[in-house]
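Q: Spelled out, the chains give:
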Amino acid sequence: MPTTRIPPRQRLTLPLLLAALLAGIMALAYFEVIDLYIQTIILFIGINIIISSSLNLVNGHMGEFSCGHAGFVAVGAYVSSVITVALFTSDRVFGPPLLPPQLAPLGFPLALLAGGAAAAVAGLLVALPSFRTRGDYLAIITIAANYIIITTVINIDTIGGARGFMGMKRVIFAMEEVAEIPWMVLWVFTFTILSLIAIRRFVSSTYGKGIIAIQQDEVAAEMMGVNTNRIKLVAFMLSSGLAGIAGGLYAHVIGYVNPKSFDILKSTEAMVMVYLGGMGSISGAVLSAILFTLLLEALRPLQIIKWIVIPLLLIILMQFRPEGIMGNRELTDIFPRLKKLHRFK
Amino acid sequence: MTVLHIDGLTMHFSGLSALEGFNTRLADGGLTALIGPNGAGKTTVFNLVSGFYQPTAGSISFLDRPLAGLKPHQVTARGIARTFQNIRLWKDMTVLDNLRLARHHRLGYGITDVFRRGGRYRRGEDGIEAEAMELLETFKLTAAAYERPKNLPYGVQRKVELARALISRPRLLLLDEPAAGLTSRDVVELIDLIRWIHETFRLTIWMIEHQMKVVMNLCSRITVIDFGRIIAEGTPEEIRNDPEVIRAYLGDDKL
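Those protein sequences? They're chains A and B, same order as listed. Just so we're aligned: the first sequence equals residues 347 to 691 in our numbering. Just so we're aligned: the second sequence equals residues 50 to 304 in our numbering.
Hints were generated in silico from the structure; no laboratory data involved. It is possible that part of the hints are untrue.
Unchecked claim - In silico EDC-like pairs for lysine to aspartate or glutamate, Cα to Cα no more than 16 Å straight-line:
1) B:Lys120 x B:Asp141
2) B:Lys120 x A:Glu564
3) B:Lys140 x A:Asp563
4) B:Lys140 x A:Asp437
5) B:Lys262 x B:Glu293
6) B:Lys140 x B:Asp77
7) B:Lys199 x A:Asp609
It should be emphasised that the depicted structure is a prediction, and the values quoted were computed from it without experimental measurement.
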């Protein structure tokens, strides 16, 4: 808007705040002010932020309906876990470490990216059919993709099949041998911020806004010169790739993965976060991931009954605020003063 | 010089014949109309030219190159832009973004630049923005740049759609019923606007239009189709007096 002039120089306030937040959490974890349980919740918040904002790219910004997001989380989780376990630990299946374990802190982010790349390739399972199919029919394909991935994992015995795969804790130990710091806090925080920057840059560029044009009128988008197939391919692969990075982080936080943790229930959780936050709002996806993670923990005493309470909350939300917490607005639209913190480009 | 050459264009939708052996040539810089009763196949012709449908038979060539097999975005990149009968703006995006997106096929940067945000990205985006703002200014739409089309009056939306079509720098502009839904005062303004666009941007315009006031005022040649076939072609004067056209479309006042 012409009234809010953007300051010419990039403000450093937001990067400094984030760095302070990271240092704060790492210090609290290092001096054991917060116990492992609280630490895990903080890590889950970060992972869920990546999951909800990456799914939001497809379901919110692009207006498609993907309900198999957990499948891509699974690809990232397994690929990065197998890489780190094989490279840096001595494992029953993969034998002695292929590389000196001292390299683990360097190798870990690369393994995460490899997991993300594998998940992006798995994203083709949905991206290619999306050229000819959309709406409800594409939704069914996304569920099928979720099942294909899970079933494939169950049938590969080398990575544990239905029993699951473990050994990632030893990767964390290898990193802690090098330096005694809360590594996962560092990685989750860094990759959450990087994912958000990637998504923000994508949807704020004219290139990436092609997916918003698709959401509002796909025929007009194609007719006005947007290569809709290519932009869909890029968006689906970016979304599933980021989900894969979240999966790699999740696997190393828990130290154990099981195909069942990535079934349709997990995909549903991701969708609940997107609809809770607001379609096409990045800050909405962040807020809802934080709220949802805290809610899940708060309702833990209810045990299985929580799966009655949470869907009930979703029904109530859809009845009274179908656009979610933020609608399609961003936090900076509601509180313009926040723009002073940072020049979002 | 011929800008668009259509030869024997035929379109069947699962047995239903929408267009049968349609031929035409559009001369460079001309302003031509395509008229006919509802369901005659006019929009089908436009959808075939813009690549939305692939023809059952026949050929379309634009600037002496065939358009066969091209997707709509590739046709746009070749230099054909269009507007729609029922305005198809991206209604929830700003007017400025509507224009920017119609430059999607020549951004001047690639996917990696989106994430790196280097000089090439900034130059590309700045160039697009400057071009869009300039076009909005010539259309006297600067005040609406940050409005969303859904909040704008219908007549203004029509103008925005014309501006959006022009930002891709077309050689041929297809207008599908530009006067539909406009008030009679807006129609007068539209006639002037189209004439001004035609002279300023030096392009060829082909329009589908039902309001004879618009057609007779602007176009030097008119093609009339009915049931998917051409029934007449000529100057406004010839068309006005053609008995077949009067019977099928214009209507006889004496009856």
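Q: Against this structure, judge whether each hint is valid.
A: Hints versus structure:
no.: 1; hint: B:Lys120 x B:Asp141; verdict: violated, 25 Å
no.: 2; hint: B:Lys120 x A:Glu564; verdict: holds, 14 Å
no.: 3; hint: B:Lys140 x A:Asp563; verdict: holds, 9 Å
no.: 4; hint: B:Lys140 x A:Asp437; verdict: violated, 57 Å
no.: 5; hint: B:Lys262 x B:Glu293; verdict: violated, 20 Å
no.: 6; hint: B:Lys140 x B:Asp77; verdict: violated, 33 Å
no.: 7; hint: B:Lys199 x A:Asp609; verdict: violated, 40 Å
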